[in-house]
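Novice: Line by line, the protein sequences are chains A and B. Going by the numbering used here, 782 is the number at position 391 of the first sequence; the sequence numbering is gapless. Going by the numbering used here, 800 is the number at position 409 of the second sequence; the sequence numbering is gapless.
If you are wondering where the hints come from, they were derived from the structure by calculation, not from laboratory data. What you are looking at is a predicted structure, and each value in this text was computed from that prediction instead of being measured. Among the hints, a few may not be true.
No farther apart than 30 Å at their CA atoms in a straight line, the calculated lysine-lysine pairs in the BS3-like style are these [as the list claims (entries may be wrong)]:
no. : chain 1 : residue 1 : chain 2 : residue 2
1   : A       : 748       : A       : 968
2   : A       : 974       : B       : 533
3   : B       : 968       : B       : 909
4   : B       : 648       : A       : 557
5   : B       : 644       : A       : 664
6   : A       : 533       : B       : 856
7   : B       : 464       : B       : 432
Number of protein chains: 2
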Amino acid sequence: METYKINFEPLGLSGRCRADESLLACAHRIGIGIISLCGGKGNCQSCRMQLLEGTASKPTASELKAYSRQEIKEGWRLACQSYPTSDGKVGLPPTSLTTTQRVQTEGQEVTVSPEPVVTPYQVKLSTPSLTDAQADAARLLKALNHQHRLSCDNIDIGALSQLSPKLRSWNWQCRASVREGEVIAFGPWPSRQLGLAVDLGTSKISGYLVDLDSGQTLAAQGVSNPQISYGEDIISRISYATKSAAKATQLQKLVVKAINQLASDLCAEAKAKVGDIVDAVLVGNTAMHHLLAGLPVKQLALAPFVPAVSRAIDIKASHLGLKFAPGAYLHLLPNIAAFVGADHTAVLLATLNDENKETTIAIDIGTNTEVSLIDKGKITTTSCASGPAFEGWHIKDGMRAASGAIERLRIVDNKVQYQTIDDAPAIGICGSGILDAMAQLYLAGVLGEGGKMDEKNPRVRASDKHLEFVLVGEKEKKGVRRAIVITQQDVRELQLAKAAIRTGIQVLLEANGYGDEKIQKVIIAGAFGSYIDVANAIAIGMLPALPLERFQQVGNAAGTGARLALISRSKRAAAQKIVSGIKYIELANVPGFNQTFMQASYLGRFRLKEGKRKGV
Amino acid sequence: METYKINFEPLGLSGRCRADESLLACAHRIGIGIISLCGGKGNCQSCRMQLLEGTASKPTASELKAYSRQEIKEGWRLACQSYPTSDGKVGLPPTSLTTTQRVQTEGQEVTVSPEPVVTPYQVKLSTPSLTDAQADAARLLKALNHQHRLSCDNIDIGALSQLSPKLRSWNWQCRASVREGEVIAFGPWPSRQLGLAVDLGTSKISGYLVDLDSGQTLAAQGVSNPQISYGEDIISRISYATKSAAKATQLQKLVVKAINQLASDLCAEAKAKVGDIVDAVLVGNTAMHHLLAGLPVKQLALAPFVPAVSRAIDIKASHLGLKFAPGAYLHLLPNIAAFVGADHTAVLLATLNDENKETTIAIDIGTNTEVSLIDKGKITTTSCASGPAFEGWHIKDGMRAASGAIERLRIVDNKVQYQTIDDAPAIGICGSGILDAMAQLYLAGVLGEGGKMDEKNPRVRASDKHLEFVLVGEKEKKGVRRAIVITQQDVRELQLAKAAIRTGIQVLLEANGYGDEKIQKVIIAGAFGSYIDVANAIAIGMLPALPLERFQQVGNAAGTGARLALISRSKRAAAQKIVSGIKYIELANVPGFNQTFMQASYLGRFRLKEGKRKGV
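Isolated chain A, as found in the complex (with noise of 0.2 Å):
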């Protein structure tokens, strides 16, 4: 039998597939993780892709049903239902990959030139002796002056402490990485300088790592927020940093440790030395980016909520015991409100573009949920306490999306179809899962507009005071241990954080005059965000009812604007740009609020009643 060599893409992955495999148990062979509902029938439509290169089967009858006919045109195909007639290159959306999958793909290249803050000289020295005994940071400010036509008098306190026995081991050269007039580390020469991209949430830390002079990024990690432990969000975080200086310093220095450990953790993967970490760049929401710098966070939670500093900061990284080149910095991005933090301002610098001439809505879900309305170059600004619902906190089987957790999910016949990270034995349910759950449940009928449980469905049961939908019986699959139900009370925590995230957008939509359907675009940022099923974000009325072309799920948006700014000093000065530009809309202040907000509950499309809109 014939086999053709095919290329994954965005994975780099590629494999041998048979002219009797689909690609789907082709990908699935090679550890491709395409979601699959059906089990390859060719109707769940979840392993979509696109044939980029080489050619396959004709479109099967399922495909025809599910893409347009310019679909089928520029190659978009189902995995299951395609075999291949050649080699090939297949592209996969982010949608079809399952979670475990895509997170591998957020360490992606970041496209602009690299034009670091920091940079590197070759330094050769002369030999100090008994008739020219100058100090050696004199020798070497000499030299880079000579050298370089760099009049920089200043050496970090850090860096200096290293110099004397280095250029003695270096045989008296080395690299010197300036910064602002300031030699801020040493190096043998060559060496390269690395660079350390953090977006700080309050459940997770993503970091990268990137290579300055290149600009590409050599490893990227995600860790969990170990502050976690003193609450899960961010109102609870800045009570527990308010009980006393020392408490607030226990936060700080246990996001400061994770930090080092993740630094440390993608310097072991990329082969390269921590020392080597010349700068950095964090972002974080405003109370993660306070209670790291060491910022008092009370007033933050307090009205008329005020951050301690919204501009962006340098600070060195060894201020904050972090554990990089001893005089690189850390800069962090500016702030824009206490409750949108510099988080939410690299995903505008990542998102963001002068040909960007449409009305544009860009949106980071998490606890909190940031929301911006990009319109002729005028950005207003919200955000709303959407809660961890979607984290899967507060949900009764909710859980990380980690091996196990449901994170695709429909219901066809009252039967659950389902997907699990890592195929592993279903052990609970995670944020995309939650999200499809409480859509299908709606779409099924068996949750009303109210969001009440219809208790006549043979999948309802009564448990303790609450209804439950089963989703997974017991044992009711090989592996299953217990039953994951979605509550009737879970169905109220959703409602709560859909009702925020949509009011969130409704208000800036008001502000600015608008409806719907001025939205031309829709962009998803963060990590849910980017696992969402947007048209079961849409039915639940969370997301605005827009043909679906007009939504991007981005990733990691915030990761990425950190990467642009730690690459690129144009960057830097462009966000502060965007900040000084942005109008900030205090939810508590706007008249009509808990109106939108109760309205915003119902599940189902949003449909402003027409009485409200003349009440704003």
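Since the structure of chain A is already known, use the hints to place chain B on it.
Specialist: The following block gives chain B in isolation, referenced to the frame of chain A:
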């Protein structure tokens, strides 16, 4: 009986003196430690004083013997021979004061217009609201700009961390302390800005708390350098620090802790807070400087003896663990060479001025002695390892200048007259006493030119392996518990020490082609140097045989220089200029060094053998 009010300067103490009470008796009664070796008989001439205002009894025969006619005209008297006949003011030269009292004079004012590097600004802020929730930092910087036309955009992260709660507790008004475009501290308005000057010696740390706005010294104190447990001199300190990074850090932390304690004690004395110390200047020899700054010291002690850094550096005090105002800097004055540190720079800064056209020797005697020859605007500098003998180390009965130490000593008819610190029973002999003993033993013929002790002298006895001269016999006086002696071995140690110092002076003279007679002024700095009897130092050949009026004992000039640099940015620039112009001579590099050293080890006035000079 009539009484008169007498002011004693520079102590600023005053008291009433009866017409039948000598000024010496009056001074002692009110607690002023004037030296009196002969017990008020008028023949030891140690209680010299100058009547600056008012009148006193006619000069006695003893006084006419002690002073020239001119001096008598100028009011010079012996305190034990003078009785007041009106209110008056008395000037006490440092040499007449006991050690304890002299320390009190070290906090004397420095005379330069305050021109501090840190400027205080009063800032009044508007109160935030839901419609104006800009960050506290932005509000502050904007107000600084509007109210003082100050475009600074940088707040130290430590200062920033205090800003939000403090602004709220100070009702939105504060003092912002600004240094080179950076806000480094906040205080309530009004509040004073303090500075700390530190002279970090190998054995002693002197601290001065200064009001930066007035330039006034508020408090001064000296403490032992706690590193002394890890090596009494520079070389053993370096040797300990190079054993491991942990040991170097240990030495660093010891000094940081001591400076923090010193700062805290000084502030307690001045009823101030360490958090109001917004600037600090530190001087010390290069090894002490490097150890404090966390710089490597190994290369200091190995030929070709290279400092890690020589130019002035500014380090965030918090980086070193110094607990001043959060963003305060520590300014380290420039070093001159591996063995001529910023303390000598400070001595030069304090003693040089543009009007001084005389050929001057400036010498700072310590375990390491630095010497400079200033001639026609040019400075030649060297350093010599004089060792710790003059600080009491390696001397059998040697001790620090503390209560019960013999500090002045005379031998008359083979009887020993002496004065102890605090007039306490003698328990040992400190530097100035040791020098006196050497000279008096030599002048009395007990020591030969080569330093050999006359075993026939009745006070000389054999003990263990060595001869020793009994200064104070067992139970010779009330309270004395054991004999105090100078051993033959002590004499050898002291010969090495004084030879090193004399060689340093000699090398500089020879480098300029000068003989002793060319020196118009000798400035003797340092604690030990200000207590010595210059005539005795000349007698043993440690100092050149010049008329006594050419010598100036200026006390802790390093501390004075540090204070000058603390209160004046011009003085910092001047220090850098001084160092840039210095020609440093490495003794190890001087031909004929050993021969000069050997000749300088003889007792008696130093005479260069004729054949020698040609050899250089």
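Novice: Taking each numbered hint in turn, which are not upheld by the structure, reported in ascending numerical order?
Specialist: Checked against the structure, the only hint that fails is number 6, while the rest are satisfied.
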